[in-house]
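Using this note's numbering, you'd call the opening residue of the sequence shown number 1 and step up by one each time.
Since the hints were made in silico from the structure, they are not lab data. There could be a bad hint or two in this list.
[Unchecked claim] The calculated label-pair distances, taken between Cβ atoms and stated as ranges, are:
no., residue 1, residue 2, range
1, A125, R72, 35 to 45 Å
2, R183, R321, 31 to 41 Å
3, G159, A235, 44 to 54 Å
Even glycine gets a Cβ: it sits at the ideal position worked out from N, Cα and C.
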Amino acid sequence: MNDRGARRGTARTPAQALFWRLFVLNGLVFTAGTLVLALSPATVSSPLLLTEVPVLTVGLALILAANALLLRSSLAPLDALATLMQRVDLLRTGDRIPENGNSDLTHLFHTFNSMLDRLEAERSASSAYALAAQEGERQRIARELHDEIGQSLTVVLLGLKRAVDRAPGDLREELHAAQETVRASLDEVRQVARRLRPGVLEDLGLHSAMSALSSDFSQASGIAVTRRVDSELPALGADAELVLYRIAQESLTNVARHAQAKRVELSLTADSGEVTLRIRDDGRGGVRQDGAGIRGMRERALLVRARLTIDSPPGGGTEVRLVIPEEPNR
């Protein structure tokens, strides 16, 4: 134990290792330059002769050039590290710097990669907690809409029906219009409740939920949806099914709001142990930045270790692809 403690105490830190590497490189360069000047036919007089100035200038230039080349090759991996630090995004996982090459910088690269691993894990855990709370709040609001507001509107609708039956002819048309308004409001409340809490997903499964989602979207937006859902999908956990449903829901919402599309293709297929959700429209495309909706989709994908890609060339429509492992929580 004391030996290990002593070795840890005498071990060089990464900064010390880099210092000694540069010190040795510089020492070797200047030693080589000194030997060349000492052993070559060129000599330096005292006082300095003008004819010896070019010799000294050339020697100094060679020493500086050799030193610059050695330092550049030694510190070049730091440029890659700086580039990665500028582009790193915790919602786009797996971007790491290779740890091979310069042995003095390997510890630095390993520490940086470990930091990214830790930050991504913490981000995933915090996102899971936030999304779980969000789903719980959605379910609570959906229940209140269905049980309280929905029932209240139903009572009003029944009362209007009785009033229409007993009302004189000059008031019956106005009461009938009010009845239709309340009925439309009740339908809207039920649709909002279904979007907030996909009961069909819990009751009938993912296949039926995707079919209902496509049908509701087509009716509400007037955009034709071509749907392809494999009849036999591998068993997925509840979290994975909810992620698939929510990302499909958000993608269709974005199509209705921004795409100016006339047709949407939705497919949910299984191949080689993976489930792939693909939603493609024929709209204007050109999505350049991740808005709140897309960042929310990326956060959901992280929960089940899925890969989310969005391809949106200008004028070429947008394709959202989610590839999710068969057993993401294993």
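Checklist entry - Taking each numbered hint in turn, which are not upheld by the structure, reported in ascending numerical order? => result none
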